Amino acid sequence: MQEVLTGATEPVLSVRNLTVRLPGGADRENAIQDISFDIGPREIVCIVGESGSGKSVTAQAVMGLLPKRDLVVTGGETLLQGEDTAKATIRRLRELRGTRMGMIFQEPMTALNPVQRVGQQIAEVLEIHTDLPAVEQRKRVLEIMRAVQLPDPDLMIDAYPHQLSGGQRQRIMIAAALILDPALLIADEPTTALDVTTQAQILRLIKEMQSRRNTGVMFITHDFGVVSEIADRVVVMQHGRVVEQGTRDEVLRRPREAYTKMLVAAVPSLVPPKRAPVEGKVALEAKHLSKVYGKRTFFNRKARIVKAAQDVNFQIRKGETLGIVGESGSGKTTVARCVARLIEPSDGEILIETVNVAHLPERDLRPYRRDIQIVFQDPYRSLNPRRTVGQSIIEGPINFGMTYEKAQEKARELMGLVGLSPDALDRYPHQFSGGQRQRICIARALAMGPTLLIADEAVSALDVSVQAQVLELLDNIRKQFDLAVLFITHDLRVAAQICDRIAVMKNGVVVEHGTTAEVFRNPQHEYTKALFDAAPGRDFGVQQSVA
Amino acid sequence: MATIDAAPPVPRRRSVWSTVLRNPSVLFGGSIALFMLIIAILAPVLGTRDPAEINPSARNQKPGYTATVRDDEGKRVQVKYHLGTDSLGRDIYSRVIYGARVSLIVGITVAIIAVFIGLIIGMIAGYVRWLDGIIMRFMDGLMAIPEILLAIALVSLSRAGLPAVVIAIVIPQIPRVVRLVRSVVLSIREEPYVESAITVGTPTPTLLFRHVLPNTTAPLIVQGTFICASAILVEAILSFLGIGIPPEVPTWGNIMAEGRTYFRILPHNILYPGIALALAVLAINMLGDGLRDTLDPRFAKRF
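Residue numbers (this note's numbering), protein chains in the order written: chain L, 1 to 547; chain S, 1001 to 1303.
These are computed hints drawn from the structure, not numbers from a lab.
All of these numbers come straight from a predicted model, not from anything done at the bench.
Hints are not guaranteed to be accurate.
Across the chosen pairs, the derived CB separations fall in these ranges [claimed, not checked]:
no.	chain 1	residue 1	chain 2	residue 2	range
1	L	His359	S	Leu1282	53 to 61 angstroms
2	L	His359	S	Leu1186	19 to 27 angstroms
3	S	Leu1186	L	Gly82	49 to 57 angstroms
4	L	Glu208	S	Ala1144	53 to 61 angstroms
5	L	Gln431	S	Leu1282	39 to 47 angstroms
6	L	Ser328	S	Pro1203	30 to 38 angstroms
7	L	His430	S	Pro1063	27 to 35 angstroms
Note that the Cβ used here is the ideal one computed from N, Cα and C, for glycine as well.
With the rest of the complex left out, here is chain S (with noise of 0.2 angstroms):
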């Protein structure tokens, strides 16, 4: 028989990533989640004043409010509060700035680990018929529950804390994942190249993770940064309602929490740290959105 060669390759198709660099919504909303990371990581430099410094002597100041202080060798030193100060004195550009740092590590250990946990959980309910039910079961009855509800259930089990909060959103967001992989999982293992594998003897952990895993990564992407802008969301508000995260720790919920007296008076108590809780959780859904778009048509419109 006569050898045949392979085709010439097909024209190359565009490499992906440079397809989602071209998205719009992904180049708008990577450049402020990048550009809000940034700040976050810089706070110490940014930053003007210590966050948690207290100053009696200029409390509830205006945006703009210059006063003179002492500094730790007892020189008099001129200080200005950009956004102003809160009830205590504390500068609110300082606080707002920190208060990335606290929202971004949140959104994104959160969007890691209900990722990873929804995704072996997903995959054992999608290839192992009779723990379907049972754990897709499960997974109803915690979606049942409103996402706050469960979080502020949760908190209240054990001490405040970064760690206790992070668990009570990821535990909420889990059964979402669940489903999408799972859904992922159950076509795929139909696909003839899972079931030739089968007749070959592949192992079932390897044929998972070779041939059925590869096709979760795109939607999973998505489904972490959407995870993530509703984490930053849910732990302001965890915070504004003083259940989250101690009071001292500058967050932006923990901002607007104090600053709600005296809203009235003083507006930007609220409205700076609500501005960056605001565009963070925007350019995080505009990212996802775009790269839900380009990655992963098939789920386009569809959340």
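Isolated chain L, as found in the complex (with noise of 0.2 angstroms):
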């Protein structure tokens, strides 16, 4: 095995004609079918695609991690250095497991035991593949704790999982994952989980450590920013089979075929389109909004209070977007239900044309419950799944005196409107794909006749083709309704493309405010730079909307 290790141009990874079988009744034969990629040493390896593409499957054959019953490989071969990893047993398995690849999981929270200091999770490794002692095993852990640049080693290396942040959690999973040199590094969606300054650091330590290293590493990612700031090669993959791969300038520059195309084209530009400003009446508008979590009582003198939003001011003209920026615990989200009225904000006024609404107890406030609408983020759980979508979009209606078969008649112009069949009615909320039940949603908000629609990270969970087409539709019902829309995102490029003015939050305050051109050509605030400059992939977006 050594003269395999000494060959350079010897791939670390080859993966020859690999099929997996799905159990029967699945939506199609095998997960993966008659895959074929390379992996040399020092290089990265994108695997991309949408969901249900097969990549993460491909990770586990490579790994051995299938579950044993259901997934089973029936073809093709997985060679790690030589090595078929797919025939190899549960044991040598665990040898190969560590030493000669290492993996990293999406959410390093779940990852991490939550009862272990984080330096004995790393140790661990040591502990199992090699001999040496203790004292030996803390200076190796405290060395790659050093290397992927964790503050205070010394301190960290005793600290438990949930006294450290995202960012901290990944690095220390790659220590665990690199501490043993491995030749392969199997990374799925490493940094999905994390915010986008943090993901630019992540994505920086990987590059650095496999090129210190001469590691491998298959990279599992659906983000193209991603794609263009680390690939070396890319293979995309659809249903289960290889659509294309190649360099990452071939693949994202001049890609061959159709899918590859398509999904290139849907990753929104981060220039933003020229857009007229927005002349319409004011639909809404934030004063001094202010919201305030925990309070100190009698019996809890020290509570911890958070201010999740404060002094938070907009106007949103009718057919006006307005994008709210801001990484995660920046308080979007709260200004957002607050304007809902889902919380009830601590301080500060939510005017509809004169009435303040932000204080209104709920008697009152029914009435403007039909101007305000929102759409969530996670579409698996914005629709109550005993109730056909029929009757979610007539509930609201109903709720305000229309008739049944009135609103079953607007019901079933707006599934016209969001591009489904109307039809599909008196169908159930599992019958429907992700994107279909976004726009179930959106009408849904739009049978209650709105002003102003509110849009919470209505697109993150959607992969980017279908993400294109959902925002196209709000684009759509915006001009069609003359619609206000707040666009709460985390997304740059997504709030480049839909956005009129953005609003940049952070830490419960906006940080910067102005309209889209120009918060994107020249951003003011500190802040507002880092975010830019931490976007995954900013020439791919630049050298797109040139071609």
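Starting from the two chains in their separate frames, assemble the complex, guided by the hints.
Below, the structure written as structure tokens:
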């Protein structure tokens, strides 16, 4: 085996005609079918695809982590430095994991054991695979923690996962995966759960570590920004097959296959298109809006007080889209929930025409409920699974006194409008895909005849091609109904494409506010600049818009 | 925009009831419970004697004892006491069979009443923020008193009888239901589909009944069976202690209480009602376990 290691041009991982069968009753016969690709040492190969394309199954097959009962390798081989992991025994696989291949996952919190110190979790790899004495192990752990740029390793080695931030946890995972210098690192969406600024740091770290250690990286992602940031080569997958593979520039700039072209085109550009200023009537105005969580009481004098939103001011005109952009914990969703009056703001005003609805009790608020509608992020939880989509859509109009027949008629009309068949009204939510459900939620909101539509990360859970369609739908209905739209997102690309104006939030405060073109061309605040710098694949978007 | 048809229906999930009926605990516990129910309903047919009938000449007899008695018309007839007689000469076999009636009536009514009251209080606690603290502290207080002790105290407040016993057993059970319902309501009210219903102006009572209530059905069915088993046991304990249902009424607890004095010589007085009680409680608990595993996997292994 040693001679294989020395051969520099020999691929670290060579997947040959791999086929994995799905259990019966699934929508296709094979999870992955006849796929082949190579990963050389010091090479980052990105596997890109939408959900259900089989990219994670590929990673599991290489690691030997396929659920034994359901997914069976029926053909092909996965050669890790010449050794077929698909045929290896469980014992041999255990030896290989950690020493020859390391893995990092999407969710660093669940991948780490919450009741074990992080240092121990890294040391575990050494314990299993080496005979190093405890003192030596600790030295090695500190060394790798320093290498992944964790602050203060001497202190952090004895910390528990919950004491670390998401980015730090992912660094711990990377440290554990790389401590024995495996030839192959498998990274399954390692930055998807992280904020953009943290994501940029982790991507930089992975790149640095692998080039210093000659590691081959199999990087699974759905994000083309990330691909253009770190990939040497790209493998595009769809429905379990490899559609196209090539170098980064080949695939991203000169895609050959229609599917790849469609995917690349669906990625929103970071360059905002030209937009005429909107001159409509003001639909809603927020003045000095604040929300404070937690209250010091007699029993709990030291209660933590969180200022989720502080002194937020904005106006939205009819026909205008205002974006609120920020990372997790910035308070953008709090603002949306205050405006929708799902929570009562602690302070400030929300004006619809001249009425302040911020502190109205539920009974007086009801007539204004129709004016503000919201579409949520998670398409799988926004519709009551026990009720047909028709029942969900007509619920609102009937609450406001519309007859069943008229409401039903309106629902049919709206289903057509959002691009779904009106005959599907009596189906249940589980019979629709995520994108279709999001369309139904939009139809439900429109049934109320709102003046303001809030989209709270409404396209974030969707695949990029579906995302493009839903964004187009949102833009169409905005024009058609002269709607004001409050668009909450963490995704700068999406914001650039759909918003007229943008407010950037950080720690509950709006740090910058201006037209989209202005903010993107010439960001004023330090934080906004940092956010733009961190956006993965900046040049990718630019080239695309030039081309 | 092109019209997109709904995705082809997902391969249909097996219906809930057919999964439930495949579960061995449900099958086993359910059939025993059903068997008991049939016995209780058919007690007048299955019982050989009037359970309250006293036969002074046949006191304290072993199982299988045969006696000659005069029937209503004065004719002499042979009577077999399958499970013997107690110290008043009453037929234990008939008393055990009639006892099933009382036990099941108590078990089922307690379960229904406790679930119903607990559901209403739990929904209020889960949905009305300011009442939550008050209600839940009160429930905590109720739970701090041992179930049996509380039941004894409540029975002693009024005349002994079936309604008093049922109420005394229901009250200590309510807090458990309230906690369960409240926790379901608290998690469901955060679901986006509930929030959507709020933004389309659905009035709160409709919201609770339409969107929240259906989510409590499965855990409540499960909890109801456990309450039923526990109520049967508590009723037997109360009767055994002589503070439940009046001693002339045949209940398993009363039969055992009556047989206590001579149980060293005549163990059958306690053995047979004891077996019936144990079997009933075991069957209903197994049914509950099986229902929990199939209907409500989230709650499995949590009680």
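Hints versus structure:
no.	hint	verdict
1	L:His359 <-> S:Leu1282: 53 to 61 angstroms	holds, 57 angstroms
2	L:His359 <-> S:Leu1186: 19 to 27 angstroms	holds, 24 angstroms
3	S:Leu1186 <-> L:Gly82: 49 to 57 angstroms	holds, 56 angstroms
4	L:Glu208 <-> S:Ala1144: 53 to 61 angstroms	holds, 59 angstroms
5	L:Gln431 <-> S:Leu1282: 39 to 47 angstroms	holds, 42 angstroms
6	L:Ser328 <-> S:Pro1203: 30 to 38 angstroms	holds, 34 angstroms
7	L:His430 <-> S:Pro1063: 27 to 35 angstroms	violated, 59 angstroms
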